[in-house]
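Asks: If you want the building blocks of each chain, they are given just below.
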Amino acid sequence: GAGVSQSPSNKVTEKGKDVELRCDPISGHTALYWYRQRLGQGLEFLIYFQGNSAPDKSGLPSDRFSAERTGESVSTLTIQRTQQEDSAVYLCASSLAGGQISGNTIYFGEGSWLTVV
Amino acid sequence: GENVEQHPSTLSVQEGDSAVIKCTYSDSASNYFPWYKQELGKGPQLIIDIRSNVGEKKDQRIAVTLNKTAKHFSLHITETQPEDSAVYFCAPSRAMNYGGSQGNLIFGKGTKLSVKP
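Same order as they appear, the protein sequences are chains R and P. Per the working numbering, residue 1 is the first one in the first sequence, and the count goes up by one each step. Per the working numbering, residue 1001 is the first one in the second sequence, and the count goes up by one each step.
These aren't lab readings, by the way, just hints derived from the structure by calculation. Quick caveat: nothing in here was measured; it's all calculated off a predicted structure. Be a bit skeptical, because a hint or two may be false.
Chain P is nowhere near these chain R residues, computed Cβ spacing over 10 Å in every case [as the list claims (entries may be wrong)]:
| # | residue |
| --- | --- |
| 1 | 11 |
| 2 | 15 |
| 3 | 17 |
| 4 | 21 |
| 5 | 24 |
| 6 | 41 |
| 7 | 65 |
| 8 | 81 |
| 9 | 83 |
| 10 | 91 |
| 11 | 96 |
| 12 | 110 |
The list that follows gives simulated cross-link-like pairs (lysine-lysine, DSBU-like), each with its CA atoms no further than 30 Å apart [said to hold, decoys possible]:
| # | chain 1 | residue 1 | chain 2 | residue 2 |
| --- | --- | --- | --- | --- |
| 13 | P | 1109 | R | 11 |
| 14 | R | 17 | P | 1058 |
| 15 | P | 1068 | P | 1112 |
| 16 | P | 1058 | P | 1037 |
Just so it is clear, CB atoms sit at the ideal spot from N, CA and C, and this is done for glycine as well.
Make a model of the complete structure from these sequences and hints.
Replies: In structure tokens, the structure reads:
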């Protein structure tokens, strides 16, 4: 299908190592979101990309977290020097320009499950 | 910023009964009110939404009602089935022209619905 694709689906890493999580949005979707979801918890906003505008990084919890997006396609979320509290599902979502606020449906990927041991 | 609360946090019903989940919000400028369903191991999926110029919207067994004066909206599921078992999230938001970040969509903490056969 042509949904939001995330990789890896599962990742176990040792504390202190860096990890990269990848998101392939739906083709033509200029808005892209990253969220974090701890076990049994709600969705925590991390970062938002909209076209060529400066990304909204207001949700990144620390300078160990960063994200990039190549044009209007693939995005990579990087977590440096991982800690056990980083263990969570990292969800990527995409939508047409303007996202939910413009009335466009947000489509989520199935997430990348990160476990830091 | 928007403060969003969902009640109840867990809900258990017998198959065939109705289920109601309520979402309260604080931002009076919010004018878009969606509900997402998240099945185990998957990303959230939009199931129904409503805009501030409409009080109620129905789609087969699910409906959403809005009370802007009281700043809450509710998800109603009738004739529940075991496949309705999931976590449900609300994410009220405002339109672009009201300003604020488009990315930082605030989700409720979720309601875990269990439908017993």
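Asks: For each hint, tell me whether it holds in the structure or not.
Replies: How the hints compare with the structure:
Interface exclusion of residue 11 (chain R) from chain P stands, the closest Cβ pair being 15 Å apart, more than 10 Å. Consistency note on residue 15 (chain R): stated as away from chain P, and its beta-carbon is indeed over 10 Å from all of that chain's, at 25 Å minimum. Here residue 17 (chain R) stays apart from chain P, with its beta-carbon at least about 25 Å from theirs, past the 10 Å limit. Once the 10 Å rule is applied to beta carbons, residue 21 (chain R) is consistent with being away from chain P; the minimum gap is 14 Å.
Look at residue 24 (chain R): its CB is around 14 Å from the nearest CB on chain P, clear of 10 Å, so calling it non-interface holds up. With 10 Å as the threshold on Cβ separation, the claim that residue 41 (chain R) sits away from chain P is violated: the shortest Cβ distance comes to roughly 7 Å. For residue 65 (chain R), the non-interface assignment is confirmed: its Cβ lies about 15 Å from the closest Cβ of chain P, beyond the 10 Å cut-off. Every CB of chain P lies more than 10 Å from the CB of residue 81 (chain R), the least distance being 25 Å, so the non-interface label holds.
Residue-level check passed: residue 83 (chain R) sits 23 Å from the nearest beta carbon of chain P, beyond 10 Å. With a minimum CB-CB distance of about 5 Å to chain P, residue 91 (chain R) fails to clear the 10 Å threshold, and the non-interface call is violated. Every Cβ of chain P is farther than 10 Å from the Cβ of residue 96 (chain R); the closest lies at roughly 12 Å, confirming the non-interface assignment. The Cβ of residue 110 (chain R) sits about 5 Å from the closest Cβ of chain P, inside the 10 Å cut-off, so the non-interface label is violated.
Annotation: proposed proximity of residue 1109 (chain P) to residue 11 (chain R) holds, straight-line Cα distance about 25 Å (limit 30 Å). At most 30 Å may separate the alpha-carbon atoms for a hinted pair to count; residue 17 (chain R) and residue 1058 (chain P) exceed this at roughly 48 Å. Distance restraint check for residue 1068 (chain P) and residue 1112 (chain P): the Cα-Cα separation of roughly 25 Å lies within the 30 Å cut-off, and the hinted pair is therefore satisfied. This hinted pair checks out: residue 1058 (chain P) and residue 1037 (chain P) have alpha carbons roughly 16 Å apart, not beyond 30 Å.
Checked against the numbered hints listed earlier, the structure breaks hints 6, 10, 12, 14; every other hint is satisfied.
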